[in-house]
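*Asks:* Based on the hints, put chain Y in the right spot on chain B.
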Amino acid sequence: MFEIFMQSVETLVGKSGFFNLSGGQALMILVSFLLMYLAIGKGFEPLLLLPIAFGMFLTNIPNAGLYHTLIFINQTGHIDWEMLASTGGLLDYLYLGVKLGIYPPLIFLGVGCMTDFGPLIANPKSFILGAAAQLGIFLAFFGALVLGFTPAEAGSIGIIGGADGPTAIFTTTQLAPHLLGSIAIAAYSYMALVPIIQPPIMKLLTTKKQRAVRMEQLRPVSKLEKVVFPIMVALVVSFLVPDTAPLIGMLMLGNLFRESGVVDRLNKTAQNELMNIVTIFLGVTVGATANAESFLTAKTLGICVMGLCAFAFGTAGGVLLGDLMYVLSKGKINPLIGSAGVSAVPMAARVSQKVGQSENPTNFLLMHAMGPNVAGVIGSAVAAGVLLSILK
Amino acid sequence: MNIDFTLAGAVIITGLVVVFIALMGLWLLVWLFGKLFVAISSKPTQPQPKTEAPKPAAPKASASAAVKNAMVVEDGISDEIVAVIAAAVAAMGGAAGGFALRSVKRVREARSAWTAAGLMQNTQPF
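Same order as they appear, the protein sequences are chains B and Y. Position 123 (the first sequence) corresponds to 123 in the working numbering; numbering is contiguous. Position 15 (the second sequence) corresponds to 1015 in the working numbering; numbering is contiguous.
Accuracy of the hints is not assured; some may be wrong.
Here's a subset of chain B near chain Y, in silico, CB distances under 10 Å, partners left out [claimed, not checked]:
#1 132
#2 378
#3 380
Looking from chain B toward chain Y, a few residues come up when the C-beta cut is under 7 Å (computed) [unchecked claim]:
#4 121
#5 124
#6 127
#7 130
#8 134
#9 142
#10 151
#11 225
#12 232
#13 236
#14 237
Below, a list of computed lysine to any residue pairs in the SDA-like style, where the Cα atoms sit at most 25 Å apart [unchecked claim]:
#15 Y:1105 <-> B:216
#16 Y:1043 <-> B:220
#17 B:42 <-> B:54
#18 B:223 <-> Y:1042
#19 B:354 <-> Y:1113
#20 B:223 <-> Y:1112
#21 B:223 <-> Y:1037
Hint data in this document are derived by calculation from the structure and do not stem from the laboratory. Note that the structure is a prediction, hence the values are computed from the model and not measured. By construction, the Cβ of each residue, glycine as well, lies at the ideal position given by its N, Cα and C atoms.
For reference, chain B alone in the conformation it holds in the complex (with noise of 0.2 Å):
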């Protein structure tokens, strides 16, 4: 009797985290502590960020078996199948969400019954500067080249700079899933880190005279024109980009909801339990995909690099376009909207208002900037498109 409890209790201990536990793993799981303190002490990002971090805890515990890196990453290039059915944990069904391209385009059905594209419909010239925005994605990405990352591996890290998460997961699932991890944190970090990487890049490339510039009011906006303009932009864009169009589409699908006004029901539902539910899913198998011999290693350091070369070159980009469209407009728009354009909705329209009004107190910049700021998440997934018809 004795003798058996004692080889229970030895089978417990010798399978237990703490017997297991490697130097890899624990540093992971620091750096998972670390996240989880700058989701819930800091407020960065923390609907994404916590779940991330979480996951990325669960999968760093010694044999809990929760997620298996070779199940989605191995030599044949897909899914296997037999060995999901047989040791599949947890954490790898719900990842079938992410490697099968489900959530991020679910994820974008909520974004776009939230997003109000009227001062983008009311100031169409807002596209461009979404566009300039785009800069950063294809300068990182030759940068990542040029720091030794393959093609794929480039396109991915360049997406951190269209400052979308679900554009930048869709994107690196298809073209380098073994840097998910280390990517998404890196976008979401940085997202959270708008207000802090782009007003220097803004005051550097404006006059004070330019930030200081009152824009005229948008015209209303009918709503014949809104539910107008998510079909003509799912039908232009995924006829140009057809890679594009589960994001696109569903983006749209949701902004039709929205302001079709019609299925009350479904807008509520996309854009609550919907976005809720499968962010958690996507938060925690995204946070499980960065395991100790995925994240530490010397690429993480060179994708933090990349990622905030992508943010500033996107900035710049669309601050530059918005000093063009200040001198063509006869000064009558501030180029500080411009930096909007690298998407990270709301947060870069109200870098853009803070900036404005520290010079202006007066300056009301917020609805003029979320014009730009929504056309560059168009203009961040029609780039994601261009990257996956490349490079995929």
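*Replies:* Coordinates of chain Y only, in the frame set by chain B:
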């Protein structure tokens, strides 16, 4: 450093060109639709009295005459409301004064209290 410059150049140039073409195309389409919708929606509103922003009137005597003769007040708006609006306009004018109130009517798409509260919240520094 072993970079495929041909591929890199192709990705960068194609990417930027396609992004700009797509968004400039949307700019053009949305601009055209906007013009069309504005033209359509402005037609039926023509017969209605036009709301003008208060403008300073040159001589004071003619301004008061204009108020008496030309002011259009929508049904259901009491004299007290008109008086309050006139007082608010006068207060905004400050020392300059000399405003003529030509029309008082309800705003069709007024911003709700919740929208206004949301706007205030969003424009506050974070």
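*Asks:* Taking the hints in turn, state whether each one holds.
*Replies:* Each hint tested on the structure:
Of the supplied interface hints, the one on residue 132 of chain B holds, with its beta-carbon coming within about 8 Å of a beta-carbon of chain Y, less than 10 Å. Proximity of residue 378 of chain B to chain Y holds as hinted, the smallest CB-CB distance being about 7 Å (cut-off 10 Å). Hint status for residue 380 of chain B relative to chain Y: holds, with the closest Cβ pair at about 9 Å, below 10 Å. A cut of 7 Å between beta carbons decides the hint on residue 121 of chain B: the least distance to chain Y is about 6 Å, and the hint holds.
For residue 124 of chain B, the suggested interface contact is upheld, since its CB lies about 4 Å from the closest CB of chain Y, less than 7 Å. The beta carbon of residue 127 of chain B is positioned within 7 Å of a beta carbon in chain Y (closest approach about 4 Å), and the interface hint is therefore held. This hint holds: residue 130 of chain B has a C-beta 6 Å from the nearest C-beta of chain Y, less than the 7 Å allowed. Hint status for residue 134 of chain B relative to chain Y: holds, with the closest Cβ pair at about 5 Å, below 7 Å.
Below 7 Å, beta-carbon pairs count as interface contacts, and residue 142 of chain B has one with chain Y at about 6 Å; its hint therefore holds. Of the supplied interface hints, the one on residue 151 of chain B holds, with its beta-carbon coming within about 6 Å of a beta-carbon of chain Y, less than 7 Å. Because the closest C-beta pair between residue 225 of chain B and chain Y is about 5 Å apart, less than 7 Å, the hint holds. Using the Cβ-Cβ criterion of 7 Å, the hint placing residue 232 of chain B at the interface with chain Y is satisfied: the shortest such distance is roughly 6 Å.
Restraint check, residue 236 of chain B versus chain Y: the minimum CB separation of about 6 Å is within 7 Å; hint holds. The beta carbon of residue 237 of chain B comes within 6 Å of a beta carbon in chain Y, closer than 7 Å, and the hint placing it at the interface holds. Taking the CA atoms of residue 1105 of chain Y and residue 216 of chain B, the gap is near 24 Å; set against the 25 Å cutoff, the hint holds. Only pairs whose Cα atoms come within 25 Å are accepted, and residue 1043 of chain Y paired with residue 220 of chain B is accepted, the gap being roughly 16 Å.
Note on residue 42 of chain B and residue 54 of chain B: the hinted pairing holds, with a Cα-Cα distance of about 16 Å set against a maximum of 25 Å. Proximity of residue 223 of chain B to residue 1042 of chain Y is assessed by CA-CA distance (about 14 Å); at most 25 Å being required, the pair is judged to hold. Of the pairs offered as hints, the one joining residue 354 of chain B and residue 1113 of chain Y holds, with about 23 Å between alpha carbons and a cut-off of 25 Å not exceeded. For the hint pairing residue 223 of chain B with residue 1112 of chain Y, the CA-to-CA distance comes to about 17 Å; that is within 25 Å, so the pair holds.
Pair hint residue 223 of chain B plus residue 1037 of chain Y holds up; C-alpha atoms about 10 Å apart against a cutoff of 25 Å.
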